[in-house]
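Could you slot chain A onto chain Y? The hints should help.
Residue numbers (our numbering), protein chains in the order written: chain Y, 130 to 657; chain A, 117 to 354.
No lab work stands behind these hints: they were computed from the structure. Here a beta-carbon is modelled for each residue, glycine too, at the ideal position from N, C-alpha and C. Hints may be right or wrong, so weigh each one.
[What the hints assert, rightly or not] Anything over 10 Å on all C-beta distances counts as not near chain A; from chain Y, calculated:
1. Gly228
2. Gly319
3. Asp353
4. Ala381
5. Asp486
6. Arg529
7. Ala563
8. Glu583
9. Gly609
10. Asp637
[To be verified] These stretches of chain A come out as covered by chain Y in the derived footprint (C-beta under 8 Å, 3 or more residues):
11. 137-148
12. 192-199
13. 253-263
14. 294-308
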Amino acid sequence: MRCLVAWFPDWPLVAAGIPPDVAAVVLHANRVVAATPAARAEGIREGLRRREAQARCPAVRVVEEDRGRDARAWEPAVAAVESLAPAVEVATAGELLLGTRGPSRYFGGDAALAELICRTVDEAAGQEGCRVGVGDGRFTAGLAARAGARAAQRVVVVGRGESRRWLAPQPVNCLGPGYEDLADLLVRFGIRTLGELGELPASAVLGRFGAMGDTARRLARGLDERPVVARTPPPGMSVPAELDPPLDRVEAAAFVAKSLADELLYRLEREGLAATMVAIEAQTEHGESLVRHWRHDGALTAAALAERARWQLDGWIGVERGGSPTAGITLLRLTAEEVRPDDGKQLGFWGGVAESDEQAARAFARVQGLLGPDGVVTAVLGGGRGFAEQVRLVPWGDCREPPPDTDARRRRVLRGPSAEAPPWPGRVGGPAPAVVFGSGTEAEVLGPDGLPVEVDGRGLLSSAPSSVAIAGGARRQVSGWAGPWPIEERWWDRGGRRRARLQVLLEDGGAYLLSRERGCWTVEGSYC
Amino acid sequence: MKGALEAAVAKGRPVAMAGTRRLEVHGALGGLFPAGGLQRGSVVEVGGGAAVSLSLALAAGVMPAGSSRWAAAVGFPSLGLVAAAQLGVPLDRLALVPAPGGRWAEVVAALADGVDLLLVRPPAGLRASDARRLAARARERGVVLVPVRQGASSRWPESPDLRLEAAPGEWMGLGTGHGCLRRRRIEVALSGRREPGGRPRSMEIWLPGPAGVAVVSAEAPAPEPFTPAPPEALTAVG
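Okay, chain Y solo, but in the shape it has when bound:
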């Protein structure tokens, strides 16, 4: 199958917006994976360590690898090519391929098509540098594009049926990623070019090098590994509605939202998808806009979506306050931000979600409509030494499980499931305080001599506390105390903390947990 490969050398740097005359490299695992022409002129090659690259060119700029950024930047180029030819496959960010049969005939031959694609990609990328190769099969076309980069040729077209002859002088190490070990072995056997590899008998190659050797031999003979798989264009996940005349009543807008929700869910259903996060966006005549993301761990239904749109608009339009819009709503847009395959919902054996749960969920979503998604949270307890650090607040509707922690998984594998919760030396024992202050509530702790009590470097008090004033209040006598319990966290790191904690019981029955950090007493919690 005739195939065209458009390849943009060192795409990560183009995606990062670095001009070719600046020496810069992209590193992955401390090895150079891409370099600008300026950096290459200084002798920097792929595979060098960061230190080696900096030794060759001390002024080289190092850019962090970001696959997401590369893919996002590549998307306009793919879309531009898709407007010329159908069935474009994205190999990686910076490389795309397509079958040339139809487009070549339409645009007047392989060379003309290749020129056109090259220009299109250059325009979309905003700079020149795209290389295009055409050949029988993707392997030949890819090599042709790379050969063009070496020979400073923008387009290399390998004629029909000439692939094997064209490939013959190429060295075996251009078989590509995954074949490095095999290529190394072949070179040591004295097989240096693809032509020599292709001439070996198939049974001998298969017998000695297995399936991988056989595939390599097929590639060397100009046959293809597999056919081009076309990318399916992303379905329209966004449903807008222009409102003319502008709406200023919630009911009318909610009615429109209902039909939008129906439309969006119909589109998703056609793709076999279910939305787990939907953004509802409203804009007014004066350009004010309000976007709110709604998440649901099950799938959102049309009725639920319309209800949420209504709550959101209710919270925006319905109440006169600083943030309310000054004009009617002109645009309403529903966008599915996160989708998953719609594999239905498995109800529990005894009837699934209780009615009370649904009622509660509706009430919480209603409050989220008033206050925003962070307005309603539930708490998840985790590790930590301080009482505030042990609590993680999760917005209602988000997943309460913590993100997968590879360290924890490894620990579990190493030591078994019982070792999941690590110990936290330095935690204060006994019951937890019923009120936990985040920070900023200061306290004054005085000794019997009227001087402030301090904690020295060895974790000892300068004197026994005898009176305490909380947040600038009246001084109260201490009737009992214990501590200090020093904690030194992450001392090896700049974000480390050193503090000491003290429990005090005051004469009027109040009990507090105090914490001293950087020479200052604060109230961590109150046992009330």
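Just chain A now, kept in the frame of chain Y:
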């Protein structure tokens, strides 16, 4: 004889009535309430030095393990959630609205539709008319509204159905320079419009008790004696 009669009456009481009309409380507190639990649709103000712990203990009683009830706490930015978990509150069924801002009344009214117990901290300057409306809403929806009073500013402007006063009690376990806070005995006093007939108006409970939960004072265990580590015998060296 009287005890047996009472037991028979308790058995014969329709289960649906008990389940729908009142919310059970922690066993330690049951004897205090006129109906043996929290009357659905009532306003129960909790105040005093141990108000937060006591309201968390109420929530833990309303939501025993495996129940399908929900609670919400509005306006507590610094609620001790570790303490809540220790007292037995299921944190996945306790929704928190830490900062309702100027929309406090709206938020409380919206939550009244979905939860069974609503812990609220009334903002300073709450109007009596708002409080009356919320109380009416709670009555209509069968929600127990628990305003928690911390200081004078967060007072419920209307007179509540019941008022629980938890005096800051006596802590055990903390010495001067040793030990740590272990358990506390508090006295809970009950007053209000629905006078408890012939029942104790106040009782002593342990909150937190030995395992973090509230227990009645009669069941209080003997305090563990403090045993200092035996001094190590000196041995001659060198």
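Status of each hint after checking the structure:
1. Separation of Gly228 (chain Y) from chain A is adequate, the least Cβ-Cβ distance of about 53 Å exceeding the 10 Å criterion.
2. Annotated as non-interface, Gly319 (chain Y) keeps its C-beta farther than 10 Å from every C-beta of chain A; the closest such distance is 68 Å.
3. With a least beta-carbon separation of about 54 Å from chain A, Asp353 (chain Y) lies farther than 10 Å from that chain, consistent with its non-interface assignment.
4. With a least beta-carbon separation of about 22 Å from chain A, Ala381 (chain Y) lies farther than 10 Å from that chain, consistent with its non-interface assignment.
5. The Cβ of Asp486 (chain Y) does not lie farther than 10 Å from every Cβ of chain A; its closest approach is about 6 Å, which violates its non-interface assignment.
6. Listed as a non-interface residue, Arg529 (chain Y) fails to keep its Cβ farther than 10 Å from every Cβ of chain A; the least gap is roughly 6 Å.
7. In this structure Ala563 (chain Y) is not separated from chain A by more than 10 Å, as the shortest Cβ-Cβ distance comes to only about 4 Å.
8. Against the 10 Å criterion, Glu583 (chain Y) stays outside the reach of chain A, whose nearest CB is about 16 Å from its own CB.
9. With 10 Å as the threshold on Cβ separation, the claim that Gly609 (chain Y) sits away from chain A is violated: the shortest Cβ distance comes to roughly 4 Å.
10. The non-interface label for Asp637 (chain Y) is inconsistent with chain A: the shortest C-beta to C-beta separation is roughly 7 Å, within 10 Å.
11. With 0 residues having a Cβ less than 8 Å from any Cβ of chain Y, the segment 137-148 of chain A misses the three-residue criterion, and the hint is violated.
12. With 7 residues having a beta carbon nearer than 8 Å to a beta carbon of chain Y, the segment 192-199 of chain A meets the requirement of three or more and the stated coverage holds.
13. For the segment 253-263 of chain A, the stated coverage by chain Y is violated: 0 residues have a C-beta nearer than 8 Å to a C-beta of that chain, whereas at least 3 were required.
14. Counting residues of the segment 294-308 of chain A whose C-beta lies closer than 8 Å to any C-beta of chain Y gives 7; at least three are required, and the coverage claim holds.
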